[in-house]
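Participant: Sequence:
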Amino acid sequence: MIDGAQQLPVNAPDGYKLYPGGHFLYYDMTTGEIQDLALAPDGEGILTMTMDKERERLYGITWPKGYFIDYDIKKNTLKNLGLINGLGEFGKRGEDYRVLCRSILVNPDDGHVFYSTAEGDIYEYDPFTDQVPQKMEEVSMRLDYFGKYDVKDAGSMGYNWRKIFWYGPENKAYGVHGNSGYLFNFDPKSRKIEIVERITSEPSRKSGMFDQFSYGYLGFKIKNDTIFYLTGAPIYKDGKRIAGLEKISMGAPKGLEYLHVVTYNIPEQKYKDLGPVFYENGNFPTYVNSIAIGDDNDIYTVARFDHNGKKIDDLVKIFLDT
Numbered sequence: 001m002i003d004g005a006q007q008l009p010v011n012a013p014d015g016y017k018l019y020p021g022g023h024f025l026y027y028d029m030t031t032g033e034i035q036d037l038a039l040a041p042d043g044e045g046i047l048t049m050t051m052d053k054e055r056e057r058l059y060g061i062t063w064p065k066g067y068f069i070d071y072d073i074k075k076n077t078l079k080n081l082g083l084i085n086g087l088g089e090f091g092k093r094g095e096d097y098r099v100l101c102r103s104i105l106v107n108p109d110d111g112h113v114f115y116s117t118a119e120g121d122i123y124e125y126d127p128f129t130d131q132v133p134q135k136m137e138e139v140s141m142r143l144d145y146f147g148k149y150d151v152k153d154a155g156s157m158g159y160n161w162r163k164i165f166w167y168g169p170e171n172k173a174y175g176v177h178g179n180s181g182y183l184f185n186f187d188p189k190s191r192k193i194e195i196v197e198r199i200t201s202e203p204s205r206k207s208g209m210f211d212q213f214s215y216g217y218l219g220f221k222i223k224n225d226t227i228f229y230l231t232g233a234p235i236y237k238d239g240k241r242i243a244g245l246e247k248i249s250m251g252a253p254k255g256l257e258y259l260h261v262v263t264y265n266i267p268e269q270k271y272k273d274l275g276p277v278f279y280e281n282g283n284f285p286t287y288v289n290s291i292a293i294g295d296d297n298d299i300y301t302v303a304r305f306d307h308n309g310k311k312i313d314d315l316v317k318i319f320l321d322t
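According to the numbering used here, the sequence shown holds residues 1 to 322 in order.
Be aware that a few hints might be false.
[To be verified] Within a straight-line C-alpha distance of at most 20 Å, the following computed SDA-like cross-link-like pairs (lysine to any residue) qualify:
#1 237 / 285
#2 172 / 137
#3 79 / 45
#4 254 / 241
#5 53 / 107
#6 172 / 237
#7 79 / 52
#8 148 / 182
#9 53 / 124
#10 317 / 297
#11 135 / 185
#12 311 / 253
#13 206 / 273
#14 75 / 135
#15 135 / 189
#16 311 / 287
#17 172 / 225
#18 53 / 206
#19 75 / 51
#20 189 / 170
#21 53 / 71
#22 206 / 238
#23 135 / 190
#24 247 / 317
#25 270 / 224
#26 53 / 168
#27 272 / 195
#28 53 / 78
#29 172 / 273
#30 53 / 36
#31 189 / 126
#32 247 / 71
#33 317 / 290
#34 221 / 126
#35 172 / 124
#36 221 / 195
[Stated by the list, open to error] Restraint ranges, calculated between C-beta atoms of paired labels, are given here:
#37 304 / 241: 33 to 39 Å
#38 11 / 80: 22 to 28 Å
#39 36 / 187: 34 to 40 Å
#40 239 / 18: 49 to 55 Å
Just so you know, the hints here were simulated from the structure itself, not pulled from any lab data. A virtual CB, placed ideally from N, CA and C, is assigned to each residue, including glycine.
Can you build the whole structure from these sequences, using the hints too?
Facilitator: What follows is the structure, encoded as structure tokens:
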């Protein structure tokens, strides 16, 4: 921890070496084989990753500096396209610090790749040219509904989208802005972003406040025509909302809040809060920032909870009756 924010170690303890960097890996679920494909540059970790399955390419954004990398599986080559925004989360606050995008979008029709920046700019990368990612003109994430941010400071995602997925039936993407909780759609062809709905929990919508997790929530996924979103809800005591810390300098909860499951049916434009999630003992999940949807629409995520007197993170299943 440096100035209240997470950083890679500068000096290795005796008997250890510094972190060598994040790896792109191949895992064969049938044989159990694990194959090392590529190593991120400059000892950086891989913070953000996605795959273009049709063209067999992996894309990533590294941490803490924020290099954009392109790995061609067929050719076994790794390209470093450079830093995406200042010095990323390695930078000095007030100067070249910029929070990094946590979700990369691939247009399956043409293979173009998109990411956002703390300033709200959207960059487009064409992997079939020698050009670095280009800033898209006439469109950005700098919308009043998303709030106002000091992009040189830590403690929020700025104007970045939090999570985004392609939705084939409309040939556009749907994403969520983490801090405000607003659902939007993004049409790369027409270079247009439209606000759809605030898909935070019903209690959060009524309170008019942001959720407690400083970056907003990553548990956002589209299955068929429905968005599933794991998000927060304020806790009230004696009729008053329990407020958290005013500010923190990293991605973490500023205070406790309940976990809710929210769905949004895209064709029907129907929002639904399915309510809070509790364990059998009455406790509730925390630090939830992932989601997978089973064939039966039950939800899987990694959450923090108490186990034998210790706080642990483990896989949990949320049974839905939708």
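Participant: It remains to establish, for every hint, whether it holds in the given structure.
Facilitator: Evaluated hints:
1. 237 / 285: holds, 19 Å
2. 172 / 137: Roughly 17 Å separates the two Cα atoms, so the pair holds.
3. 79 / 45: holds, 15 Å
4. 254 / 241: holds, 14 Å
5. 53 / 107: holds, 11 Å
6. 172 / 237: violated, 42 Å
7. 79 / 52: holds, 15 Å
8. 148 / 182: Answer holds: residue 148 to residue 182 is near 14 Å, not above 20 Å.
9. 53 / 124: holds, 18 Å
10. 317 / 297: Answer holds: residue 317 to residue 297 is near 11 Å, not above 20 Å.
11. 135 / 185: holds, 18 Å
12. 311 / 253: Between residue 311 and residue 253 the Cα gap is close to 15 Å, so the pair holds against 20 Å.
13. 206 / 273: holds, 12 Å
14. 75 / 135: violated, 27 Å
15. 135 / 189: Distance ~14 Å between residue 135 and residue 189 Cα, so the pair holds.
16. 311 / 287: holds, 11 Å
17. 172 / 225: Within the cut-off at roughly 13 Å; holds.
18. 53 / 206: violated, 41 Å
19. 75 / 51: holds, 15 Å
20. 189 / 170: holds, 12 Å
21. 53 / 71: holds, 12 Å
22. 206 / 238: holds, 17 Å
23. 135 / 190: Holds - the C-alpha atoms of residue 190 and residue 135 are around 15 Å apart, at most 20 Å.
24. 247 / 317: violated, 31 Å
25. 270 / 224: Distance of about 14 Å is within 20 Å: holds.
26. 53 / 168: Within the cut-off at roughly 15 Å; holds.
27. 272 / 195: Roughly 17 Å between the alpha carbons, so the hint for residue 272 and residue 195 holds.
28. 53 / 78: holds, 16 Å
29. 172 / 273: Violated - the C-alpha atoms of residue 273 and residue 172 are around 24 Å apart, more than 20 Å.
30. 53 / 36: Since the Cα atoms of residue 53 and residue 36 sit roughly 18 Å apart, the hinted pair holds (cutoff 20 Å).
31. 189 / 126: Holds - the C-alpha atoms of residue 126 and residue 189 are around 14 Å apart, at most 20 Å.
32. 247 / 71: violated, 37 Å
33. 317 / 290: Roughly 12 Å separates the two Cα atoms, so the pair holds.
34. 221 / 126: Between residue 221 and residue 126 the Cα gap is close to 25 Å, so the pair fails against 20 Å, i.e. violated.
35. 172 / 124: holds, 14 Å
36. 221 / 195: Since the Cα atoms of residue 221 and residue 195 sit roughly 18 Å apart, the hinted pair holds (cutoff 20 Å).
37. 304 / 241: 33 to 39 Å: Violated, at about 22 Å.
38. 11 / 80: 22 to 28 Å: Hint holds: Cβ distance 25 Å, inside 22 to 28 Å.
39. 36 / 187: 34 to 40 Å: At 38 Å between Cβs, range holds.
40. 239 / 18: 49 to 55 Å: At 52 Å between Cβs, range holds.
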